[in-house]
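Student: Use these hints to put chain B onto chain A, whose structure you have.
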Amino acid sequence: MLEPAIELLKGTLDLLILRTLVLRPMHGSAIAERISQVTGGAFQVKAGSLFPALHRLEQEGWVEGEWHESAEGRRVRSYSLTRDGRRQLALEKKTWMRIVQAMDALLEST
Amino acid sequence: MTAANRIKRLFRNLLRRDLVEDMLDAELRAYVDEVTERNMIKGMTREEARRQALVEAGGIEQIKEEVRETWLGYGIETVFQDIRYASRSLLRSPAFTFIVVATLALGIGANLTMFSLMRAVLWRPLPYPEPNRIVTIQVDARNRPNTGATPGEVFDLKERSRSFEQVSMIDSVEANLEYQGEMEHVTAASVSDDFLPLLGARPSLGRALDARIDRGKEQAFAILISDELWRRRFSADPGIIGEVVRINDADMQIAGVLPAGFRLFLPPSVTGSEQIDVWLPNALSATRQYRGIPIVARLRPGITLGQANAELQTLAAQFEREHPEFYSGDKGWQASPADRGRGAKVRFTVRLLHDDMTRDARPALFLLTGAVGFVLLIACVNVANLMLARGSARQRELEIRRALGAGRSRIVRQLLTESLMCAAAGAAIGLFCARFGLEAIGHLSDSRIPLQSRAGMDAAVTLFALVLSVVTSMLFGLLPAWRLASGETGHTLRAGRTETPGAGARRLQRALVVAEVALSIVPLACGGLMLRSFVNLLNAPLGFNPANIVTARVPFNIRRYPQMEQQWALLRAVLDGVRALPGVQSVSAASPLPLAPDQQGRRVGRSDQPEAPPILATQQGAIPGYLGVIGTPLLEGRDFTDDDLAGQRNVAIIDEGLAKRLWPEGAIGKRLVVYRTGWQSDLEVVGVTAAVRATRVRDEDIPHFMMPSVDMSLVIKTRRTASQMAGGIKAAVDAARGGRAAFDIRPMSDYVSDSVGDTRFIVLVLAAFAVASVLLAAVGLYGTLVYLTAQRTREFGIRLALGSSVKALVAIVIRESVLLAVVGAAVGLVGVAAATRAIRGLLYGVQPLDGVTLAGVIGLVGAVALGAAGVPAWRATRIDPQTSLRSE
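Line order of the protein sequences matches chains A and B.
Under my numbering, the first sequence has 62 at position 62, and the numbering climbs by one with no breaks.
Count along the second sequence from 1, then add 110; that gives the number in my numbering.
Among the clues, some could well be false.
[Stated by the list, open to error] Just a few of them, taken from the derived set where beta-carbon distance is under 8 Å, the chain A residues facing chain B:
1. Gly-28
2. Ser-29
3. Lys-46
4. Ala-47
5. Gly-48
6. Phe-51
7. Pro-52
8. His-55
9. Arg-56
10. Gln-59
11. Gly-61
12. Arg-74
13. Arg-75
14. Val-76
15. Arg-77
Keep in mind the hints are simulated off the structure, nothing from the lab.
All figures in this text were calculated on a predicted structure; none of them were measured in a lab.
The C-beta atom is built at its ideal place from N, Cα and C for all residues, glycine as well.
This is chain A alone, in the form it adopts within the complex (with noise of 0.2 Å):
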């Protein structure tokens, strides 16, 4: 894979995932695929920096991980969102558009 085009900002990987899985459960290179398609390559996320950040998610307990059997009929371990999750989805959500409306002011502001 290539370098990440952007440097994704700390904490922007949690919401990343938990909005790629509110359509569905995933396993982990799902969730790095869907995330670059989804944004047209903007964002590359390695397994290095994948796999802690599901598994950081299920210790707080937002996602939860089971063994299901792949499409290419492989075992994975696919993520899905509890309830916790989309409660916390929603709350980085809030704070994500916070972010953006404050650095769109400052940066329209003249």
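Tutor: Just chain B, lined up with the frame of chain A:
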């Protein structure tokens, strides 16, 4: 997530570790397989695709470690891992571990000992209710400090002052207890009614004292006794209340028993004993004729010391206005004509009781606490140095751990765990050391330090041990850990070669050794100065010869022997009885004995110069022949005669100090005036003796004089010991039927040794600390040199191969050692200058920057440096250039 879920997860992480690990492994393997397959679809070969996948993942082990860090319980898990690993690694090098733990045990133990002592003496409040309101009032009168109050002053302070809730007084008295025919000297105090309530002491049996009913004009009718006396003499019989005993030949009723364990903590000048057996009631009177009464008071809530002092200032002025004859006239306590019309003659100073008690002991305690601080610092530097040296040898091991995915913080933690374990072991052993240290100090000082009896090992000391182990492990562990984890030699895995350590590491080690030497010479110099002071004190001319003299005190029963002739007859009977004892060469009597605590200060002067300011001198009563027995040389004139005594002649023998100050031209035949309370006596000087030190060995400028008087402190010249003589002396005193028991049967040398006891205590404890710090510095210097020399084996080999002589190598090693020591000593001297100035007050006959001491210290450090260089230098001579180069 709910707490229950969290706990469930935590337990799963900790207990089903294998399962969790397997799952992580499977998850990552699946990921790599998937990426591999995707790469193959792109057209790579299987091997290439897999390699690419692994490269992209960036080290499976590292990812695993990072994932593990997110797991709940990771901290606990790794702490256990660290501890397991640390103990294995420490056990693998037992010699290293032993030295480190022993060093730390020494340093921590010494600090725990001093902590316990400081806590007992300075930090723990006194065991009385609201101790921060209990104060003493020091009275200075007629330009003499600490004279004590007059009864009238106590009375007026109690009546008028608004700063105090209670004002009470205590007077120590001699008491002879007689019960069922058995006589015994007991500790006693005479106190006003509110004294014991002020300290929160209420009788556990019987009632409190009331001077209005328990005391007549001349004597007391009732007493309180201590729980200890009650158990010892009265078999803890509750029926003893109301029973009559004889105290100093008067019948007194036992009114009550004080609770067990009640101790009297007062300044040493007030009372020598913490345990008083008999309490007598004392009534306040309005007289101002005599002084000497210690005051203990309780401040009203909310009143500060400053406010109380200000009020006392006003009261002192009032007293002087109301009774000018006692304060600025020639009436009252030791008045002299020179005092007439002089300004303020009395001053009151309020101090917290606790502060007042510990005032004299403070400098010594701070000195010793400072010294143990240095010992611990040196120990830490030493251990840090050892860890650095060992760490260099462990570079490869750490490198492997790093390669296996350990982050830098993880390695630092690992190394700190080792440090912490060493420190904890050191602290545990240190606790034991401190126990013995306290016992040793107890033996040494014999309660010379106030409140020392309270020192012991308790929860606070244990807690402090814990704190110390954490702090020290950070002190000595952080620097090496940070240094090692930064992996200065990142290429050790590649080559099997022993590298010459980087210049940085060597510089650090040298700096540590310099610091160690610098730190160690501070306690060493202080110890040297104290030792010289002590030797000076031991060699100080006392004016008498304490060797082979046994003393005993036999108080008089004035009631039964009111006349001097009767007393003289009784004393002669006692002297004859004692002289007849086996082994007695000669015997005489005087009082007070020199260096005994009950000295009498008098203001004296020349009779022909009444207006000259009086001189403070110590007064002693003696019978003819005393000078010969005690060994005070008579320089001029004559000793007292029996006629002087029998005729109660007004004669005096003065010492050289007084003679030189009053009559440099010759004192014999001159007249000495002694100011007493309310009157003065005029004495003819008949003899001059060598200068006598009566108050303390230290006090060289307080003169001394003697008058003929019948006093019963016996001085007995004998080769026998006090304990061998005790039985005979008691029997001889009993046989004379004087109605008093002999007590304080001790060798004269005890009084001398008590007088220098505080200095001896400091010297012994400080010497122990100084030796410890020098030993530690020597070990540090030695260890570093051995290590640096070993590291330079290859360099030395090359030098030899290039034609350098063995001698030159030895010179290099020795120069290194001496240089380190000299630089350390130079740095340390700055500290020495500061520290020795601070202890100036404890020194005797030696300057803070004493040349001999400093030369000795530097000489010792030089010798240590040479000694430490011995083995490494010898090793350098054994280097074989061929093997040292081939081993690469």
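Student: Could you run down the list of hints and mark each one as holding or not?
Tutor: Each hint tested on the structure:
1. Gly-28: 5 Å, holds
2. Ser-29: 5 Å, holds
3. Lys-46: 7 Å, holds
4. Ala-47: Nearest chain B Cβ about 4 Å off; hint holds.
5. Gly-48: Gly-48(A) check passes; min Cβ-Cβ to chain B is 5 Å, inside 8 Å.
6. Phe-51: 5 Å, holds
7. Pro-52: This interface hint holds because 4 Å falls under the 8 Å limit.
8. His-55: 5 Å, holds
9. Arg-56: 4 Å, holds
10. Gln-59: 5 Å, holds
11. Gly-61: 3 Å, holds
12. Arg-74: 6 Å, holds
13. Arg-75: 7 Å, holds
14. Val-76: Hint on Val-76(A): holds, closest Cβ of chain B at ~5 Å, below 8 Å.
15. Arg-77: 5 Å, holds
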